[in-house]
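Please take these sequences and the hints and turn them into a complete structure.
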Amino acid sequence: MAGRVQGKVAFITGAARGQGRSHAVRLAEEGADIIAVDIAEDIDSVRRFYPGATEADLDETVKEVEALDRRIVAAKADVRDYDGLKAALDDGVAQLGHVDIVSANAAIWIFGDLAHEVAERDWQDVIDVNLTGVWHTAKAAIPHLIGQGTGGSIIITSSTAGLKGTPYSAQYTTSKHAVIGLMRTLALELAPHSIRVNTVNPTGVDTIMIQNETTWKLFLPDIEHPTREQAAEVFATTNALPVPWVEPRDVSNAVLFLASDEARYITGVTLPVDAGYTLK
Amino acid sequence: MAGRVAGGAGRVAGRVAFITGAARGQGRSHAVRLAEEGADIIAVDLCGQVASVRYPLATSADLAETVRQVEALDRRIIAAQADVRDYAGLKQALDEGVAQLGRLDIVSANAGILSHGLAAELDETTWQEMIDINLTGVWHTAKAAIPHLIASGRGGSIILTSSGVTLKGTPNFAHYVSAKHGIVGLMRTLALELARHSIRVNSLHPTSVFTGMLRNEETLRLFRPDLRSPTVDDARPAFQATNALPVPWVEPADISDAVLFLASDEARYITGVPLPVDAGFGIK
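Protein chains in written order, with numbering that gives the first Met the number 0: chain A, 0 to 279; chain B, 0 to 283.
Heads up, none of these hints are tricks.
Subject to a maximum C-alpha distance of 27 Å in a straight line, what follows is the list of computed DSS-like cross-link-like pairs (lysine-lysine):
# : chain 1 : residue 1 : chain 2 : residue 2
1 : B       : K142      : A       : K279
2 : A       : K163      : B       : K283
3 : A       : K279      : B       : K167
4 : B       : K90       : B       : K142
5 : A       : K85       : A       : K62
6 : A       : K163      : B       : K167
7 : B       : K283      : A       : K138
Everything labelled a hint here was simulated from the structure, so no lab data went into it.
Laid out in structure tokens, this is it:
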């Protein structure tokens, strides 16, 4: 049986692990080939919260996609470096023939400070990766999509923090709101080309970005070494559905839907995958 | 993650879906699409006329055609004539369907009508029939279904058909726009009330859909007031001007694909969401 994105090629940033790897695998399961990029190294300001992805992680994504008999072109690239990102995408398109789906997924989370106490470096890194990196991703991909003349689907990973205020994370909340403004602009600019642009807005996702002691401590400030189980109880109170967080695959299923022709007339939309977080 | 479905292929295999306004248009399309993916169907429709509606509504023959199309997919369907304004009758039709098919998992509150007039000029009947069908009918649909969903203990997915008109202002349809906004408030309330039962509630917001509701002179004339008997082709550019994507309207199948996504376990953590299927109508 043909897959739901059979024969398409998807460009995914932050693809070495977590949601990005999950998107690569889910889209490959449904017939897509993949162009995967990741910085695959630590970013200084993030290291105190959780370790960055590695080249070994990116290799694992390659292995999992190839195990599904799909092609994947993977490269180490930093979304802050437009030229490097463009070169990686252009090389992928040269090898795989086209690009149809764009998942602007790469992001970092730095948190714990009140807005007026956020360090300049922390602010700049988050804005550079989470916002300017998304613009770079779209900017590199759009000429391919327009040039092909076959439409396309760009899916930007925003957050519940793109829809609702979140204390102690001004830089992250600002960046995730900003990509919604970018999405709405792109959706209008690209509609004449039948290129659709949407965001997914997840609640907490079960990846290392939240599954680290520093994050758990943000939710449980009175406990010296909080555990995943203790964090789960607090996370669950943020959602309407009785779950603490969602799985990467839940976000991937939304990405797949938006990427597929099933959503051919869905554009300019913020799609929460948030267990009712923004509703509550 | 599809562990709830024992055997069978399809994205909603083994599920049962209750669909109102199922005789034709979007409702029939939802029935067929969900059946293609393995669901059995409980279908209801008024199969009759409403005084304030000036285009022909569905008939019993239309509902029989929905039955034929679902059965042609080797799925079961229980169909009944029922009016969403009549809670007792609607509940009876649903209860009968659940008794025969054994369960209920998915609810598509789809039945709706269209009429028009400036807000200051709408007559009482036109207003009231709109609110009764497009808003109270949706509440009735959910009210009849919720006890079944809670009792099953398996969660569920309720999908309310709202409209792109909730995303921005639209003249000439005060009653329709009010009802469709009301559905969003109902959806958000239900989503919170039912979350602890893992029952999800979302709404769909289509731009114009190419169905009998659109494909009639009465509606087409709203887009081409300069013509006495406008054709679909006459009205196409005016419809297209409302959307960002270069299409005048969407097909029922496009709405059904969104219903299917929200109904399936792929959307198991999506609740309380107004989902546009609107070709960019809302952002333009």
